[in-house]
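Take a look at the letters that make up each chain.
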Amino acid sequence: MGLDFSVVPGYLDTILLGVIWTIAITVAAAVVSFFGGILFAVIALYAPWFIRLPVRFFAWLFMGTPLLLQLFLIYFGLVELGIDLPAFVAGVIGLGLHFAVYNSELIQTAILAVDKGQMEAARTLGCSRGQALRKVVIPQAVRDVIPPIGNNMIALLKDSALVSVIGVSELTLSAQLAIGRTYRPFEFYAVAAVLYYIVNLGMEAVLRRIERKTALSR
Amino acid sequence: MDFELILKVYPYFLEAAVVTVELSVLTIILGLICGALGTAARLSRFRVLRFLGAAYVSVFRGTPALIQLFLLYFGGPQIGIQLDAFEAGVIGLGLNIGAYMTETMRGAIIAIDHGQAEAARTLGLSKAQAFRKVTLPQALRLMIRPLGVNINAQIKGTALVAAISVVELTYTAQRYIGSTYKPFEMFFLAGILYIILITITGKGVAYLDRKVRLP
Numbered sequence: 001m002g003l004d005f006s007v008v009p010g011y012l013d014t015i016l017l018g019v020i021w022t023i024a025i026t027v028a029a030a031v032v033s034f035f036g037g038i039l040f041a042v043i044a045l046y047a048p049w050f051i052r053l054p055v056r057f058f059a060w061l062f063m064g065t066p067l068l069l070q071l072f073l074i075y076f077g078l079v080e081l082g083i084d085l086p087a088f089v090a091g092v093i094g095l096g097l098h099f100a101v102y103n104s105e106l107i108q109t110a111i112l113a114v115d116k117g118q119m120e121a122a123r124t125l126g127c128s129r130g131q132a133l134r135k136v137v138i139p140q141a142v143r144d145v146i147p148p149i150g151n152n153m154i155a156l157l158k159d160s161a162l163v164s165v166i167g168v169s170e171l172t173l174s175a176q177l178a179i180g181r182t183y184r185p186f187e188f189y190a191v192a193a194v195l196y197y198i199v200n201l202g203m204e205a206v207l208r209r210i211e212r213k214t215a216l217s218r
Numbered sequence: 001m002d003f004e005l006i007l008k009v010y011p012y013f014l015e016a017a018v019v020t021v022e023l024s025v026l027t028i029i030l031g032l033i034c035g036a037l038g039t040a041a042r043l044s045r046f047r048v049l050r051f052l053g054a055a056y057v058s059v060f061r062g063t064p065a066l067i068q069l070f071l072l073y074f075g076g077p078q079i080g081i082q083l084d085a086f087e088a089g090v091i092g093l094g095l096n097i098g099a100y101m102t103e104t105m106r107g108a109i110i111a112i113d114h115g116q117a118e119a120a121r122t123l124g125l126s127k128a129q130a131f132r133k134v135t136l137p138q139a140l141r142l143m144i145r146p147l148g149v150n151i152n153a154q155i156k157g158t159a160l161v162a163a164i165s166v167v168e169l170t171y172t173a174q175r176y177i178g179s180t181y182k183p184f185e186m187f188f189l190a191g192i193l194y195i196i197l198i199t200i201t202g203k204g205v206a207y208l209d210r211k212v213r214l215p
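If you read the protein sequences in the order shown, they are chains A and B. For the first sequence, UniProt numbering begins at 1 and goes up steadily by one. For the second sequence, UniProt numbering begins at 1 and goes up steadily by one.
Keep in mind the hints are simulated off the structure, nothing from the lab. No residue lacks a Cβ here, since even glycine has one placed at the ideal position from N, Cα and C. Hints may be right or wrong, so weigh each one.
[To be verified] From chain A, some residues computed to sit far from chain B (all C-beta separations above 10 angstroms): (1) A122; (2) V136; (3) L201.
[Said to hold, decoys possible] Listed next, the stretches of chain B that the computed footprint assigns to chain A, with coverage defined by at least 3 CB atoms under 8 angstroms from CB atoms of chain A: (4) 70–78; (5) 119–125; (6) 155–168.
[Stated by the list, open to error] Here are a few chain B residues that face chain A, going by a calculated C-beta distance under 8 angstroms: (7) A54; (8) A173; (9) I177; (10) S179; (11) F187; (12) G191; (13) Y194; (14) I195.
Start from the sequences and build out the full structure, keeping to the hints where you can.
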C-alpha cells in the first residue's frame, strides 16, 4: 500500500476545524495555567499550612505523573463525582492544571527573587500586604519568567494532542476521524504533523512579541 | 479510598511498572545515542550534516510526540516499516527524546570556553584529541543535570505508548479505571509508582552530578 495524498483535500475542512480546536484548547489551557500558576505560587509561599500543604501535595503528584494519566483521572474522576463536563472543558482543566504546576515553580522562584525593598516600599506607602503583592511584587516577578513560561506554553501546544484520547476533536482526533474513513494513517498523520509544526512556528512568533513587549529596557 | 481494591490489583500495576521501566531504559539509551549523533551532526564542519541535525531537532521538537508515535506505528506499514507496538514505542519515543537531548548536549559543549580547545591545540594535540581529552570531559560534567531533566521527562513520556496499547502503567491504570470505576484509587496507585521511579532516577542523577562536580 503506497502513499496517496490525493485523499487529503476531501477532508481538509475536518482537519482545519481540528486546527482551530487545537488553537482554542491551547489558548484556553494557557490562560488557566498562567493564572493558576500565579495562584499556586502565592499559596505555596504565603497561605496558612492547612491550605499550603494540600496544594503542595497536589503539585507534587502532578509534577511526578504523566499528563495522560492525569487526563484519565480528570475525565473519569469527574464523572465518578457526578460532574458531567464536556470533553473540551475536561481537557482545558487537565492541561491547564498540569502546566499551572510547572508555571508555579517558575513564579515562586521569581517572587522570591524580587527585592524585599519593593514590598517594604509598597507597605510604607500604605498598601496592604495583598495589595503590595498584587500590584508591586507579582507583576515584576511574572515579567522575569515570561520566557520560560513561554517554553511551557510551547510544550502545552504539543501536549494538547493528548486530549484526543478523552474525545476532544482537535487536530489529532480529526486526523484519526479521516483515517477511520480512508484507512490512510500515514498521509493524515503527516498532514497533522505539518500543521502542528506551522501552529508551533506561529506560536513562537507570538511569544517572541510578548517577550519583547514585556521586557524591561535595562 | 477503597484499599481492599488497591491490595487486590496492585500486583498487576507492579508488572506494568516493569514494562514502564523497560520502556524508559530503552528509550533513554536510544535517546542518548540519537542525541550524541545529532550533536555531532549539528557541530559538524559539513553544512549538509549541520542542516540534517538542525532539521532533526526542529521536526521532532516542533510536532507532538503522540503524532510521531502514530505516524510510525500506524503509518509505518504503508512505507514498509512493520513494528509491533512496543518496538514502535521505543523507536518513536527514543527519536523524540533524542532531539531534546541533542539540544542539551550541544548546549553543554558550546558552553565550554573556546580557549580550552585552542590551548590544547597550541600544546600539540590534534583537533580530535583536543575535543576528546579537553572539551568533552568538561562538557560531560555540565550535561548531567540537564540530561537528568530530560530523563525524568521521558519516564513520564513513556505513558504515551498507552495510546498504541502497550500494556504499561498508564494503560493498566486506564483499563482498571474502566473496569472498576475507581479513577482515584487507580490514579493514586499508578501515580505513586511513577513517583517512585522518578525519585530513584533523580537521586541517581544527583549522586552522579555530585561525584563529578568540581570542588
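Against the structure, the hints come out as follows:
1. A122: Per Cβ check, A122/A is outside 10 angstroms of chain B; nearest 35 angstroms; holds.
2. V136: holds, 32 angstroms
3. L201: violated, 7 angstroms
4. 70–78: holds (count 7)
5. 119–125: The restraint on the segment 119–125 of chain B is violated, since only 0 of its residues have a Cβ under 8 angstroms from chain A and three are required.
6. 155–168: holds (count 7)
7. A54: violated, 14 angstroms
8. A173: Holds, because the Cβ-Cβ distance from A173/B to chain A comes to roughly 6 angstroms (cut-off 8 angstroms).
9. I177: holds, 5 angstroms
10. S179: violated, 12 angstroms
11. F187: holds, 4 angstroms
12. G191: It holds, given that the least Cβ distance between G191/B and chain A is near 4 angstroms, below 8 angstroms.
13. Y194: OK, holds: Y194/B within 8 angstroms of chain A, min 5 angstroms.
14. I195: It holds, given that the least Cβ distance between I195/B and chain A is near 4 angstroms, below 8 angstroms.
The earlier numbered hints that this structure contradicts are 3, 5, 7 and 10.
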